[in-house]
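S.K.: Chains as they are written, first to last, in this note's numbering: chain R, 129 to 791; chain U, 48 to 370.
Any given hint could turn out to be false.
Stated by the list, open to error - Calculated pairs, EDC-like style, for lysine to aspartate or glutamate (alpha carbon to alpha carbon, straight line, at most 20 Å):
| id | chain 1 | residue 1 | chain 2 | residue 2 |
| --- | --- | --- | --- | --- |
| 1 | U | K367 | U | D331 |
| 2 | U | K111 | R | D467 |
| 3 | R | K349 | U | D358 |
| 4 | R | K591 | R | D445 |
As the list claims (entries may be wrong) - Heads up, incomplete: computed chain U residues facing chain R, CB under 7 Å, no partners named:
| id | residue |
| --- | --- |
| 5 | Q61 |
| 6 | T64 |
| 7 | R67 |
| 8 | T135 |
| 9 | E137 |
| 10 | E268 |
| 11 | V271 |
| 12 | S277 |
| 13 | G278 |
| 14 | F299 |
| 15 | H300 |
If you are wondering where the hints come from, they were derived from the structure by calculation, not from laboratory data.
As the structure is a computational prediction, the values presented were derived from the model and not from experiment.
Virtual Cβ for every residue (Gly too), placed ideally from N, Cα, C.
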Amino acid sequence: MQRIGVFVCWCGSNIAATVDVEAVSEALKSEPGVVFSTNYQYMCSEAGQNMIKDAIKEHNLTGVVICSCSPRMHEATFRKTVQGAGLNPYMVEIANIREQCSWIHKDKQTGTEKAIILGKAAIAKVHLNAPLTAGESPVVKRALVIGGGIAGIQTALDIAEAGFDVDIVETKPTIGGKMTQIDKTFPTLDCAACILTPKMVDCAQNEKIHIYSYSEVTAVKGFVGNFTVSIKKKARYVDTTKCTGCGVCTEKCPVKNVPNEFNLGMNNRRAIYIPFAQAVPKVATIDADYCNMLKNGKCGVCSKVCTAGAIDYKQQDEIIEERYGAIVAATGFNPIKLDNFDEFAYSQSKDVITSLEFERLTNAAGPTSGQLLRPSDGKHPHTIVFVQCVGSRDTSGCGKPYCSKICCMYTAKHAMLTREKYPDTDVYVFYIDVRTPGKNFDEFYRRAVEDYNVHYIKGMVGKVAPRADGTLDVQASDLISNEQLHISADLVVLAAAIEPDKSARPLATMLTASMDTNDFFTEAHAKLRPVESPTAGVFLSGTCQGPKDIPETVSQASAAAAKVIGLLCKDKLTCNPCVAHSDEMLCNGCSSCEKVCPYGAITYSDKEFRMPDRTTAIRRVAAVNEAVCQGCGACTVACPSGAMDLKGFSNKQIMAEVDAICK
Amino acid sequence: MQGKMIARAKELLQNGTVNRVIGWKAGDFAYDITPAVFNSAEELDAGFVYNDFCGANFSKYLVKESRKEGKILVFLKPCDTYSFNQLTKEHRIIRDNIYVVGVPCDGKTDGETLKLKGITGITGIKTEGDSFVVDTLYGEKTIAKADALPERCLSCKSKKHVAYDELLGEDGEVCESNRFDMVEKLEAMSSEERFNFWRGELSRCIRCNACRNVCPACTCERCVFDNDNSGIAQKAAADSFEENMFHIIRAFHVAGRCTDCGECSRVCPQNIPLHLLNRKFIKDINEFYGEFQAGEDTETRAPLNIFDTEDVEPSVVYEKGGN
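Sequences and hints are given; from them, build the entire structure.
M.R.: In structure tokens:
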């Protein structure tokens with residue numbers, strides 16, 4: 129029989145306000161095996177922990193139940209505490225009476241009853257706990273960064289700076305991400321390319337960094353310190369080791385009508401292309417959807433003009449496998465599609481554009497060479513209306529419920545730059561609120577209003593209607609003067625909400641990393657662990673975690689790098705001793721466990737067994753490699769015979785908990 | 048067919064391909080047919096039968112039989128071959144020690160069904176078109192198959208053998224089956240109606256374990272219900288409600304592995320339509336993860352043994368109106 133101590137935490141008023149902690153510790157005192165029960169204001173404090181240590185010694189406790197917050201929060205803390213008093217750390221069970229009880233109940237009586245039940249379940253479980261010893265596993269000293277935008281670039285540079293190898297996997301033919309498409313950056317208005325391209329070049333030149341461009345992650349196996357990742361290098365039909373990036377092929381290619389995604393389809397590129405002048409790696413890529421040679425075997429011009437002999441029409445997708453100690457998700461964002469916002473006539477008029485398209489129209493490398501011209505007729509627009517929050521802060525279901533965070537600032541930037549370059553232009557900005565917290569941000573916005581006379585109007589645009597004369601009738605409400613407005617505009621710019629890249633969700637599934645309902649990656653702790661995913665060894669960088677501007681993205685990218693470096697510095701990681709094991713006498717040899725094991729920890733062999741009737745039999749049975757097993761428990765539920773069980777979470781323990789709850 | 052089977056079995060015994068045969072043996076009554084192992088040509092001549100009462104699926108017997116010395120000949124009907132494949136896939140039978148002869152099947156009836164239809168004193172049976180012609184002490188009686196076949200045969204899923212070393216007679220095709228019709232009716236019930244339906248059916252259970260013992264998916268070295276150490280052995284015996292849960296637990300245990308052979312319902316002495324529980328799981332698996340037939344081959348990963356990014360989210364429960 130265990131000698132169990134129960135410690136009920138108040139968590140200040142977090143628990144004590146909705147749970148009668150005194151009643152809980154009193155009720156649990158009479159549970160079988162409980163020899164000591166108390167409660168205290170903050171169990172995790174030094175005084176609280178000492179109280180636990182003293183009780184272990186004084187009452188010869190063999191098991192400890194802490195009724196407190198989620199085990200996610202402080203299980204490790206309390207394991208260390210009991211270890212300090214000479215108890216095996218796995219003799220602690222946590223009853224979560226905060227997140228699963230006090231925080232969700234308003235009525236103190238209900239909360240107290242439930243806390244007592246949760247405590248009883250933990251006591252029932254600890255009766256069946258056995259001491260466990262943790263092993264160690266090595267750390268692969270190499271990191272993977274998924275996504276080569278500014279977030280991925282910064283993370284990779286910082287990891288490499290610390291002396292570790294790091295690979296960047298980028299789906300596009302070049303790294304650089306969305307920042308390459310931006311013209312100027314707020315609030316200082318430096319040119320995005322001028323500050324980004326040196327970093328791209330640094331990545332290419334750093335011998336610790338390897339870039340897999342035009343590639344994607346197809347499978348992730350393993351666990352912290354020991355991931356095995358399959359990377360698909362998509363066929364670009366160009367030998368990157370031979371291509372010099374001279375660009376002759378991109379001028380000679382006869383297919384001229386391919387929408388240029390770098391300029392958001394506002395001009396065309398060839399079927400063989402280099403996305404933009406500063407691309408890294410600067411090598412050509414053939415677009416198989418448009419290339420005549422690949423489609424019907426007729427052309428071959430690029431191959432003829434390539435003096436380096438780099439064109440290879442027979443190239444195939446290649447899948448490579450690489451091992452990593454840590455993985456950083458930096459998959460970034462995209463502006464949302466505007467199909468749900470037809471009232472703004474985006475699909476009806478070429479002169480209704482998104483803010484990112486506006487960036488391209490003002491960029492020297494853009495379709496108009498930096499001249500702000502209307503897409504429809506190439507004339508200078510004289511009245512421009514900017515509409516903010518298109519799909520942001522939208523609870524109607526058409527858009528996104530969150531604030532995209534960057535639109536207020538870039539719209540102010542667009543408005544200001546337009547007035548600066550074309551003072552004869554009238555610029556209107558429609559907004560719900562202008563949100564400009566951040567260093568020098570509000571000053572920037574006030575400059576747009578006060579120095580550049582941008583007309584900021586609080587209110588939403590209700591409808592944009594293209595008119596026969598080529599102008600756009602913008603119907604809007606001015607909430608401050610409480611009147612309807614009609615503005616005859618030449619150009620309407622929509623600040624479309626941003627959303628996580630579509631590749632993020634399948635990636636999260638591969639990484640077993642969690643996501644929120646908007647497909648942003650979830651942090652391990654919203655405040656205290658903002659760059660780590662709840663999955664050990666997976667880190668978050670940039671907008672894949674939430675909307676961010678460039679300075680914030682870069683800070684977070686460096687923070688993620690610091691966490692990766694901290695992990696890669698270690699030679700060994702302590703394993704989780706809560707691993708699976710198989711009862712050979714029950715094992716059917718069916719291989720179900722082997723098939724579901726994500727870590728390849730289970731192997732089968734034929735073994736000789738003594739059978740009850742003095743015979744021997746050869747049986748096929750499973751064995752678990754404890755160093756590889758991560759204790760996910762998938763095998764224990766797949767096992768039809770109940771042979772597979774998880775140490776620390778055995779079927780019997782779970783049943784005991786259920787029984788205690790149902791009693 | 049019976050003659051052909053005996054002749055072929057004798058040949059295979061004679062030429063040493065196999066050293067014994069598992070087949071159907073006449074019992075005390077014509078309809079009372081029992082699985083048996085035949086060791087010689089003489090034994091075959093004396094007792095081997097194959098007729099419209101031979102419903103038993105032999106796949107499960109092979110778990111033990113295939114571990115014995117020498118190769119065994121087994122006759123499998125199309126639906127039995129699915130169980131056979133599933134057991135091969137799970138390494139429960141040693142394929143190399145088995146010689147499979149596929150035999151055709153047009154549905155099997157049983158004595159109890161015929162008696163309920165008023166046909167007694169049964170001495171023999173044969174098929175004529177869509178009817179059974181039953182020899183009785185009181186003369187020949189004819190009954191339409193539609194009235195005499197169990198649901199598993201009326202909604203036959205396949206007349207195609209998916210595993211065999213040789214075939215006697217023609218192989219058939221996978222059938223268009225209406226086997227989920229009754230499941231759909233159950234799904235359409237309110238949860239209260241459905242609860243009452245199952246309480247009504249399952250309350251007849253006498254816990255004889257026949258369903259478990261015959262089930263080709265229930266081949267555990269030691270069944271959890273017999274394992275005192277599992278901590279749940281007595282769970283399903285505590286009261287009559289938990290007793291009923293035995294069948295639900297069993298359906299969960301065979302989910303994704305059940306080939307829908309229908310043996311559970313065939314052997315139930317209380318006529319509980321146990322196969323409906325399994326069919327509900329099969330239907331759900333088909334809907335959630337794409338069409339899957341357990342035992343169709345020995346390689347395909349079962350949907351419940353695989354994770355993939357296209358898997359349904361738990362919210363499907365709400366989408367389907369559950370709670």
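S.K.: With reference to the structure, classify each hint as holding or not holding.
M.R.: Taking the hints in turn, this is what the structure says about them:
1. For the proposed pair K367/U and D331/U, the alpha carbon gap of about 11 Å is at most 20 Å, so the pair holds.
2. Of the pairs offered as hints, the one joining K111/U and D467/R is violated, with about 64 Å between alpha carbons and a cut-off of 20 Å exceeded.
3. Taking the CA atoms of K349/R and D358/U, the gap is about 18 Å. The hint holds against a cut of 20 Å.
4. Annotation: proposed proximity of K591/R to D445/R is violated, straight-line Cα distance about 47 Å (limit 20 Å).
5. Because the closest C-beta pair between Q61/U and chain R is about 30 Å apart, greater than 7 Å, the hint is violated.
6. At its closest, the beta carbon of T64/U sits 23 Å from a beta carbon of chain R; the interface hint therefore is violated under the 7 Å criterion.
7. A distance limit of 7 Å between C-beta atoms decides the matter here; for R67/U the minimum to chain R is near 19 Å, and the interface restraint is violated.
8. For T135/U, the interface hint is violated, the least distance from its beta-carbon to any beta-carbon of chain R being 11 Å, above 7 Å.
9. At a threshold of 7 Å, the smallest CB-CB gap from E137/U to chain R is about 4 Å, leaving the interface hint in force.
10. Given hint, E268/U at the interface with chain R, holds; its Cβ is 6 Å from that chain's nearest Cβ, closer than 7 Å.
11. At a threshold of 7 Å, the smallest CB-CB gap from V271/U to chain R is about 5 Å, leaving the interface hint in force.
12. Hint status for S277/U: holds, given a least beta-carbon distance of 6 Å to chain R, under 7 Å.
13. Contact between G278/U and chain R, as hinted, is supported at the beta carbon level, the nearest pair being about 4 Å apart and thus within 7 Å.
14. Taking 7 Å as the C-beta contact cut-off toward chain R, the hint placing F299/U at the interface is violated, the least distance being around 10 Å.
15. Interface hint at H300/U: satisfied, since its Cβ lies 6 Å from the closest Cβ of chain R, which is below the 7 Å cut-off.
When each numbered hint is compared with the structure, violations occur for hints 2, 4, 5, 6, 7, 8, 14.
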